[in-house]
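Participant: Next come the chains, spelled out residue by residue.
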Amino acid sequence: MKVLYFAWLRERLGVAEEEITPPEGVATVRDLIAHMAARSPAHAEAFAAGKGVRCAVNLDFATPDDPVRPGDEVAFFPPVTGG
Amino acid sequence: MKVLYFAWLRERLGVAEEEITPPEGVATVRDLIAHMAARSPAHAEAFAAGKGVRCAVNLDFATPDDPVRPGDEVAFFPPVTGG
Amino acid sequence: MPRILVQEAPFDVAAEMARLTASRHDIGALASFTGICRADDGLAAMVLEHYPAMTERALTRIAEQAMERWPLTGCTIIHRVGRLTPGEPIVLVLAASAHRAAALEACAFLMDWLKTRAPFWKREEPREGAPRWVEARAEDDAAAARWQTG
Amino acid sequence: MPRILVQEAPFDVAAEMARLTASRHDIGALASFTGICRADDGLAAMVLEHYPAMTERALTRIAEQAMERWPLTGCTIIHRVGRLTPGEPIVLVLAASAHRAAALEACAFLMDWLKTRAPFWKREEPREGAPRWVEARAEDDAAAARWQTG
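Residue numbers (my numbering), protein chains in the order written: chain A, 1107 to 1189; chain X, 1107 to 1189; chain W, 62 to 211; chain G, 62 to 211.
A hint or two may mislead.
[Unchecked claim] Under the rule of at most 30 angstroms between Cα atoms (straight-line distance), these lysine-lysine pairs were calculated in the BS3-like manner: (1) A:K1157 x A:K1108; (2) X:K1108 x W:K183; (3) A:K1157 x G:K183; (4) A:K1108 x G:K183; (5) X:K1157 x X:K1108; (6) W:K183 x X:K1157.
What the hints contain is simulated information worked out from the structure, not anything from laboratory work.
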């Protein structure tokens, strides 16, 4: 599974992209966020509740209940601020 | 008092402008319309109720209750259709 | 001060936009509306008559109302008169502000009030048959009414 | 088909307007919105980051939504990315229709949804001190929410 980071998530984690293989129990965006938060203290801080991290799965915005599968491209980022 | 006509009023009356001296009792736009309607059959038809003629007095839109005075410039026209 | 023009000539939208925003760094939003002559029902041309002595005054009042109601950094109204053929622009309205809601709402307001409160009359010249005066539309009155206060 | 562009270069508003209206006689209304970089609080520059693989797709969805909701003859979204200085245009939205309400409402909708549903992030570079990421604004969520259906 390819995981991308944008804006301050990318800066805080120091990487733009990671290749990960989540354990079997990770079925939704919510599960994946819990898994990501356990990877390192920096991840824990970036994915902490209240930071408002948003997600896209395969180039569509996703909610915590949306499924994730091996092979997906998952992106995490702050609320968007374009326009 | 200078009276101007625009759009179909000007066409139906065959004049763009008339100089008139209304009798003393003509104090409001409503009075003036009644006076104008009595000038000719063409005026009567143009100013008939239901035609929706609108008015401006001294370059401001006016309602039937607004006053008219000697020396005013009064314009009559259909509802506006610009834009 | 709003910029108000009543003219037969076409207008240059890009130049008008540049004029409103040039050398300012406090404008975040520029909204525009261009009204264009359509070729409905075999229309050959549209002739716009107006009340020359009153037109600029009426448009200035409308623009001043917009500047009172929204925090605009500037606004522009240009309305053409005379004979226009399908595809030709008739009217341009611009509103600039720090934020987008003000610019977009002011632009809609300017058009709604212009449609109902500026002394213009349109005569349609069909490709066949006699010219006819355009009738005012109830939708325009309804659109203008939504901005009534009090 | 909406016209969607994501680019570093500036855009030409007049050329984009001409492109939407050229050789058509069924367009009566063309609304535009231009978002411009302001110099608030000593801003030196704004850097726009985006999610390249997703951006065009997200903007196309927003434009398609607008074309489903209003009878548009066409619409255009151009969003710049990279480093922009105060006074520079950031985004252009155009909506063309037979009638003005559709064009103006679609233009407001496109901006409201673009602000909340397109993967762009702004970083401000102040003249002094460290760069800071712009935070999403509750007003933008509220503005977007007014177009929710059902």
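Participant: If a hint holds in the structure, say so; if it does not, say that too.
Facilitator: Quick rundown of the hints versus the structure:
1. A:K1157 x A:K1108: Holds. A:K1157 to A:K1108 sits at ~22 angstroms (cutoff 30 angstroms).
2. X:K1108 x W:K183: holds, 24 angstroms
3. A:K1157 x G:K183: Satisfied, since the Cα-Cα distance of roughly 17 angstroms is no more than 30 angstroms.
4. A:K1108 x G:K183: With Cα atoms ~24 angstroms apart, A:K1108 and G:K183 stay inside 30 angstroms; holds.
5. X:K1157 x X:K1108: holds, 22 angstroms
6. W:K183 x X:K1157: Holds - the C-alpha atoms of X:K1157 and W:K183 are around 17 angstroms apart, at most 30 angstroms.
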